[in-house]
Structures are given as structure tokens and as C-alpha cells.
Amino acid sequence: FKLTQPPSVSESPGKTLSISCTRNRGNIGSNYIHWYQQRPGSVPTAVIYEDDQRPSGVAGRFSGSIDTSSNSASLTISGLKTEDEADYYCLTFDNGQYVFGSGTRVSVL
Amino acid sequence: QLVESGGGLVKPGGSLRLSCAASGFAFSNYGMNWVRQAPGKGLEWVSFIGSSGSFIYYADSVKGRFTISRDNAKNSLFLQMSSLRAEDTAVYYCAANRNDGGNLEYWGQGTLVTVSS
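Top line first, the protein sequences correspond to chains A and B. Using the numbering used here, you'd call the opening residue of the first sequence number 1 and step up by one each time. Using the numbering used here, you'd call the opening residue of the second sequence number 1 and step up by one each time.
Same shape as in the complex, but just chain A (with noise of 0.2 Å):
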């Protein structure tokens, strides 16, 4: 199966964004969602783990949700800053394997 996200989002400083994960096969549900931020040049980092869950450090701008209707989960970043100008990434683990999401470039302008 594969999870898809849009290539790029871009929004101004301030606003609220969400990126979609979207599974083809099988119930988005049925396994946790993890995203993870990386930064140019830096090593990924965990932003919302287990669908909803703030790691500790990560700030209270950063959401998690599940959309079963949709087969989907969705990061959202509220009160959008130019530090979050980074390339993010949905992650589930089924039948053995970690599947990660395409990949998704968030620009803020």
C-alpha cells in the first residue's frame, strides 16, 4: 500500500495549514500515524507520533487527526512561523513494514 501527500503547501506566517496522508489500501485505522519534520540538511524528527501525540519540546501549534471517512490522517500547523519551513512525512507500520508517505514541502511565505 502507499500513502500519498501533496508535494507542497505554502501559506503566509501566522495562517494555519494541514497536510493530508492519504492511504490507498487498507483502513488508515488500523495502525499509528507518525510525522516527522525534517529540516534542510537535518535528521528527521518526530512532530506528532501514535496520530495525536505531542513528543515533549514540540510545540502546541503542531496537530495530529484521523479522518476514517477519507481514509486519511492530517498534520496541522497553526500560527504558521518561517521555522517550520521544512519537509514533512506521515509514517504507519503494517504487515511487517514501515511504510512512509511521499513527502510533502511546506513553504511559508
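These are calculated hints, taken from the structure and not from any lab test.
No farther apart than 20 Å at their CA atoms in a straight line, the calculated lysine to any residue pairs in the SDA-like style are these:
1. B:K41 <-> A:P40
2. B:K41 <-> A:V43
3. A:K2 <-> B:G102
Keep in mind it's a predicted model, so treat the numbers as computed, not measured.
Let chain A serve as the given structure and place chain B on it in line with the hints.
Only chain B this time, still in chain A's reference frame:
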């Protein structure tokens, strides 16, 4: 902390062994993974080994060519790569997960593998 080593330049068809040294957490309680990222591309999961080494999984793209292993006594993870192809060129990260299918909680800085003649 996770520190990878062993990357470098190798010819197509060649072999390479990556290592990942762990410290600062209970290595033997964590599942371990290799994740790679080709230049300018997204993240790709490569392989997983359970905390005791009993469960091992591979991505289809490396099955039969790569072998993951670990030494809990030495807090170390390994990836033996053979029959390397140009498309295996990537930064290889080791990453640790506490629970099955869980968050990749710890990541190394990565080691670059370049497959080229």
C-alpha cells in the same frame, strides 16, 4: 544517541557493511531500523529487527541483498549490503522504536553510501 559508520563509495555489484552504535538508552529494549534517503528524494524504510533479533523484515527493494543484524551486548546494529546498485545510493539512517510499529524515537545522523563505477 545513534552513530552510523561504514558508508563510502562502492562499485555496482559490490558490498558494504554499515554499523550503528547506540548509547544513552536501553538498546536491547528497542526495535531497530534502517531508513535511507536518496539525494533530493524522500525517506524510504529499508529494514527492521526486533529487540531480541527474533523478528526481521525488509523492504521489497532490498530483500535478498541486504541483511540486518544486531549485537545487544555491544549496543550495535548492522546492515550488510551486497549486490549494490546505483539506486541504493543514499544517506542511511539507523532509527529506534520502543513499541512494535511505534514512533521512530531516536535517529542517527546518517552515513552516505554512493554506488558508482
